[in-house]
Each structure stands twice: as structure tokens, then as C-alpha cells.
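J.: Here are the chains, one letter per residue:
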Amino acid sequence: MFPAIFTFLVLFTAVCAAGVIVCRNTVNAAMCLLLCLVGVAGLFVCLEAYLLAFLLLLVYAGAVVTLFLFIVMLIDVRGGAPRARNPLATVAGIIAAALVVGGLASFWVRGHLAAPAASATPALGASLKAYAYPLFTAYLLPVQVLGFLLLVAMIGVVVLSRKPDPGPKP
Amino acid sequence: MDIAALQHIAATNVWGAIWPELSLGCLALALLALEIVLPRAAHRHIPAVAVLGQLVVLAGVLLDWHSPWLGRETFSGLLRHSSEGQAMRVLFLLSSIAVCLLGRLNLQKSAMPRVEFSHIVLVVAAAMMLLAQSCHFVMFFVALETVTVGFYILVSYCRTNPLTLEAGLKYLILGSLSSALLLFGIALLYGVSGNPLLSGHTPAGMHYSDLAAFLAANPHQWLAGLGIVLVLSGVAFKIGAFPFQIWIPDVYQGAPTPVTAFLAVGSKAAGFAALLGLVRYAFAPYTWLVIPVLSFMAAATILFGNLAALNQHNVKRLIGLSGVSHAGFLLLAVVSVGATSLAVGAIYFYLLAYLIASFAVFGVMAHLAGSDDTNQQLDHYAGLARRQPLLAGVLAVGLGSLAGIPPLAGFMGKFFVFVAAFQADHYGLLAVAIAGVVISIYYYFGWIKAAFFEAPAGPSEGASAVTVGWFSGVILVALALATVVLGFYQGPLGRWLTW
Chain A
1 MFPAIFTFLV
11 LFTAVCAAGV
21 IVCRNTVNAA
31 MCLLLCLVGV
41 AGLFVCLEAY
51 LLAFLLLLVY
61 AGAVVTLFLF
71 IVMLIDVRGG
81 APRARNPLAT
91 VAGIIAAALV
101 VGGLASFWVR
111 GHLAAPAASA
121 TPALGASLKA
131 YAYPLFTAYL
141 LPVQVLGFLL
151 LVAMIGVVVL
161 SRKPDPGPKP
Chain B
171 MDIAALQHIA
181 ATNVWGAIWP
191 ELSLGCLALA
201 LLALEIVLPR
211 AAHRHIPAVA
221 VLGQLVVLAG
231 VLLDWHSPWL
241 GRETFSGLLR
251 HSSEGQAMRV
261 LFLLSSIAVC
271 LLGRLNLQKS
281 AMPRVEFSHI
291 VLVVAAAMML
301 LAQSCHFVMF
311 FVALETVTVG
321 FYILVSYCRT
331 NPLTLEAGLK
341 YLILGSLSSA
351 LLLFGIALLY
361 GVSGNPLLSG
371 HTPAGMHYSD
381 LAAFLAANPH
391 QWLAGLGIVL
401 VLSGVAFKIG
411 AFPFQIWIPD
421 VYQGAPTPVT
431 AFLAVGSKAA
441 GFAALLGLVR
451 YAFAPYTWLV
461 IPVLSFMAAA
471 TILFGNLAAL
481 NQHNVKRLIG
491 LSGVSHAGFL
501 LLAVVSVGAT
511 SLAVGAIYFY
521 LLAYLIASFA
531 VFGVMAHLAG
541 SDDTNQQLDH
551 YAGLARRQPL
561 LAGVLAVGLG
571 SLAGIPPLAG
581 FMGKFFVFVA
591 AFQADHYGLL
601 AVAIAGVVIS
611 IYYYFGWIKA
621 AFFEAPAGPS
631 EGASAVTVGW
641 FSGVILVALA
651 LATVVLGFYQ
661 GPLGRWLTW
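Just so you know, the protein sequences line up as chains A and B, in that order.
Using our numbering, read the first sequence as starting at 1 and increasing by one per residue.
Using our numbering, read the second sequence as starting at 171 and increasing by one per residue.
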């Protein structure tokens, strides 16, 4: 049962990832990216990394892809005539693919890192507490500073995007 | 999780030790609240509240100079408090106060919101203070990003001007690139130092002293070396050192004059404070790598800055490129840090002299800027001595100090740096630096010549109707006087230098 779900999720993720590249319509491509992220989150759940799975859903699927969709719909991109292929880009793509395949093959052949026993690994990925306690004890100051960073960013958006004040200033 | 251990960690979060930063943050929030509460007519007084609040904080820092937290680490090793940190706090407060004053002058000309400007300047100043005291990469990066995001907004503040918009976009893209380099370097260092196959590996590779211990145990790890070079590159972008200085002329020209001043002084000082922390503590075992990289940067930066400034006619570009060469002189002192105790004091004195002289010059620039802030040419200064003797005098003192003319403060700053480099046996770099000083005199004196000896070509825009208020006049004269006095008498600063 379990390997079947895992295999299904792997295939699902791969198909959606291919869809991001293949789709000509930008909105469809963004939706494929969303589904791909959902698939990856499912894989994380299978691996018992629940926190990572939910962070992925919240941050990437929830915020980043929604932002993509907003922008795509806002500037109303239409799929036009297909662009001519740049031969340099093709060569670069082939080299990149060869590097990835070579790296994976080298892992397959030579990688003999001893996997730690399953019982020995701390369930870091599963436990929200393991992240939350340091966040609000050891790293409390950076968290507070980040609050200010977000505030400054928000104020900046308001200042830069509002229309210049037309009223005469004394 | 062990509750007792957590309580022990939480007990190191001593908020009292960072009260200047906290009060700046609260002041920044209070400004926004005041804008909501006060009636519209009273809004123009809010920037004054910001300046007064910063003066109070500055007085507090000076009174609290021998704070009980000096020499200790707080916030579970995120911050290290030292008298150098106190000096940087004073420097950042001085520069943010000056920037707020310049902002009052400059933003009156363009109808841009002023309260938000003060707010962002305050938050950036507080983040710079934290950056100067951080001894942990998490704190370092978060503080640096807060500074950078604040500057993204400040640079493109007057976005109705196309040049400002261009500057904002360039700063955003190149700034993100440098942050990415820095982050990649930090990740590499953290990853290598946590590798269980290497001797001395540590799970706390983010902390400077733990990282230094790991680096000392692996003195020639190439991946760690790559990480160090990437981190140094990220910081070199912030201080505008060669080859990461390409953004400087355009951004300095496009940014509003107060922001240019803040970039030139505050951002550079913050970058050097961060660099000093890295070179002295985190990367200390890798001097074989750090010294050659920084030496190359120093020589190239001095030469590039001075040569590129030679044929600039826009004064904002000129001051930006001269700022590049000043970063080179400061790098010369950073290179000498390991060899002589004078170098650290020399850096702080140089930064102080540079701050005072730069704000004198920027103050004059803000007065003379016409309706188009980005268009400030050398020609606009023709005949300034006859029209505005006060501004011309302050300009001459400021530029003379930047050029390093004795007996002004800038000369003493360069003198200390050169002595430090001499003690550290960097004779080649010293020769390059002295050549740089000679070149720089040409363009600084070109500017002074325009102000004093050239007749105005015609009724130039803006320059005819400049009025200097008594308050700005007093501040400009005080800056000029401070430049002269610091050249003769360093007082307690001199004693502090020889620590």
C-alpha cells in the first residue's frame, strides 16, 4: 500500500513538473507548479517530514505560487507565437542535463555513505517543537528584527506605490 | 527538549544590553503612531521629533559608554558587546541624525512623505548597530538584510525621477545578487564545518568563534576557502570595493542626496564593522587566503576609484567614486589588522573623519541642489565663494579633509592608516595608496577651484536663490570646525587608538 502511494506521488510530481515546462498558457503552467509542489509535500509526508511538508504548502504553494498567479493575471500574459530556439540555450540545457545525470550516476555508483539506523535519527522533521523552541529562545532577537524588516518592506511598498501628493504643502 | 536548558538560553536574552537599538525601533514606531494621532497641520514637526529622539539616544550611549555588558556575549552568542561596538553606535547615530536633517532640507523640495523617510532611516540605523555587534551568521545576515531592504526603498524614494527609478532597480538587482553570494558562502561554511568526516567539526558553525576553531583545525580546506571568498565578496559589495563597485556611480547619482550621504557613510561604516568582525574573529585562521584577497581588492579599489573620478562632472558621481577610493584606504587598514594594534583604531578614526567631512560636503550639496536632485554638476558651483561664502568655506574644509590635506582630520585619518600599513610591512600597497592620494588631490581641487576661482557662466538654476537657515548654518560650521579640531587634537580618541 505505502510504496504504491509513494510511487504514485513521484509520478504525479514528475508529470506536473513536466507540465510547467510544456504548458503554453502561463496560468496553466503556474497551476502545474502548484500541483507539483503539492506532490512534493506529499512525498515529505510519506518520509515523515511533516513540518517540511506543511512549510512547503504554506510558503510555496500558499504564498509564492499565488503571487505568481496574481502577477500573471494582473499583467495578462497571453501565449504568443512560439519563440525561435536559441542554439546556445539548447547547448546549455544539454550540458546541464548531462551534469545532473552524471552527478546522480556518481552517487549511485560510488556513494557509500552509511545510512544511520532509523531509530538513531532524531525525528527533527516531524517535530514542530524542535524548531519552535530555539526560534523563540536562542533566535528570538533575529525573529524580532525580521518583524521590523517586514514592516519596513510594507511601508516601502505603500510609499513607493502611492500617487505623489498633489496638494500644495505649506 | 530540556526545559532547564531552554531557560538557560532564554536567560541570555538581555534586552537591556541593546537598549539603544530598542529605543530607535520604538522611536520609529512612535513616529508612525504620531502621524496617525496628530492633526495634519502638526505633521511637519514629526521629523524634528525623530532628530530629538536620536539626540537623546546618542547622549544615553555616551553616558553609558562603560556599559556592564562590554566584553560579553548576549542573546546566546548572537551579539558581542565591545567598546568598538559602542564607537560604531555613536557613528551610526551621528550619521542617521545628519541624514534626518538633510532629509528635512531635501524632501521639502519634492513633495515626498517625510515621516516614513525618518522611520526607515531609524530602523536601518538600528539594524546597522546590530550588524556591527553581531558575532553569529544568523544575526549578521538578518541585520544586513534589514539594512539592505531599507536602502532599496530609500534609494528609489523619489520615484518620479527616471534616474532615481533606474538607481533603485540597479541597487535592487545587484543587492540581491550580493546577498545571494553572501548566503551561498555562509551555507558552504556551515556545511563544511558540520561535516563529521573532518576534524574539529562543530554543529555551531554559524558562530564566529566556533567557526574559527574549526578553520584552525582544517587550515587548508578548499571548500571553506571558497565560502570565505564568497562571504567577502558579499561584504565587498556593501562597501563598494573593486570588483563590486559598478553600482556606485549610477546609484549615488540617482538616489536623493540624503540617501546618497547615508549610503556613502552609514552603509560603508556598517560594511567595515562587519568585515572587521569577520576578519578578526571568524576568518582569523585563514589569513593566508584573506590577506591576499583583501590586498588585491584594496589596491584595485584605490586605483579604480581615483582614476574613474578624474573626469566626472556630476558631483554626486564624483563623490561616489571618491568614496570607492576611501573604501580602498580603509581596506588597507583592514589588511593590517592582524599585524598591528593600531589598525583597528585607525579604521574608526578614519570613519569618523570621513563621516564629518562627508556630511559637510553633502550638506552643501543639499543646499545647492536644484529642482532636479540628480543633476548637480561641477559647473553649478562656479563662483560659489562670491555668492555664498559660508557654503564655499564649509565645502573647502570638507573636500580638503576628504583629500587628506594637513592639518585637517582627513589627513590624520590617512596618516594613521598608512602608519598601520607600514607597521604591517605592506609597502607595495602603501605605494599604491600614496599614488591614489596624489591623484585624488586633482579632482578634489578641481571642485574647490570651481567654487572659488571660476566665474559663474550664467544665471544657473537654483544657485541664485539659495538661502541657508541659521540652524543649517550652525550645523555646517560645527562640522567644519570639528574637521579642523580633530586634525589638531584627537584627545581621548587618540588614547583609545593606541589600545
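None of these hints come from the bench; they were simulated from the model.
Errors might be hidden in some of the hints.
[Unchecked claim] Pairs of lysine to any residue residues, derived as SDA-like cross-links and limited to a Cα-Cα distance of at most 20 Å, are as follows:
| # | chain 1 | residue 1 | chain 2 | residue 2 |
| --- | --- | --- | --- | --- |
| 1 | A | K129 | B | D172 |
| 2 | B | K340 | A | G156 |
| 3 | B | K340 | A | K129 |
[To be verified] Over the 12 Å line for every Cβ pair with chain B, so calculated as not near, a few chain A residues:
| # | residue |
| --- | --- |
| 4 | I5 |
| 5 | I21 |
| 6 | V38 |
| 7 | A53 |
| 8 | G93 |
| 9 | V100 |
| 10 | F136 |
| 11 | V145 |
| 12 | G147 |
| 13 | F148 |
| 14 | A153 |
| 15 | V157 |
| 16 | R162 |
C-beta atoms are modelled at their ideal positions from N, C-alpha and C, and glycine is treated no differently.
J.: So, for every hint listed, does it hold in this structure?
T.: Now for the hints, and whether the structure bears them out:
1. A:K129 with B:D172: 11 Å, holds
2. B:K340 with A:G156: 17 Å, holds
3. B:K340 with A:K129: 41 Å, violated
4. I5: Answer for I5 of chain A: holds, closest chain B Cβ roughly 32 Å.
5. I21: Since the minimum Cβ distance to chain B is about 24 Å, I21 of chain A lies beyond 12 Å and the statement holds.
6. V38: Holds: least Cβ distance 27 Å, greater than 12 Å.
7. A53: 21 Å, holds
8. G93: 22 Å, holds
9. V100: The claim holds: V100 of chain A sits with its nearest Cβ about 19 Å from chain B, beyond 12 Å.
10. F136: Non-interface label on F136 of chain A violated, nearest chain B Cβ at 8 Å vs cutoff 12 Å.
11. V145: Contrary to the label, V145 of chain A does not stay out of reach of chain B, its closest Cβ about 5 Å off (not over 12 Å).
12. G147: Non-interface label on G147 of chain A violated, nearest chain B Cβ at 9 Å vs cutoff 12 Å.
13. F148: Not fine: 5 Å to the nearest Cβ puts F148 of chain A too close to chain B.
14. A153: Since the minimum Cβ distance to chain B is about 6 Å, A153 of chain A lies within 12 Å and the statement is violated.
15. V157: Its Cβ does come within 12 Å of chain B, the nearest being 8 Å, so this is violated.
16. R162: 8 Å, violated
Of the hints listed earlier, those the structure fails to meet are numbers 3, 10, 11, 12, 13, 14, 15 and 16, in rising order.
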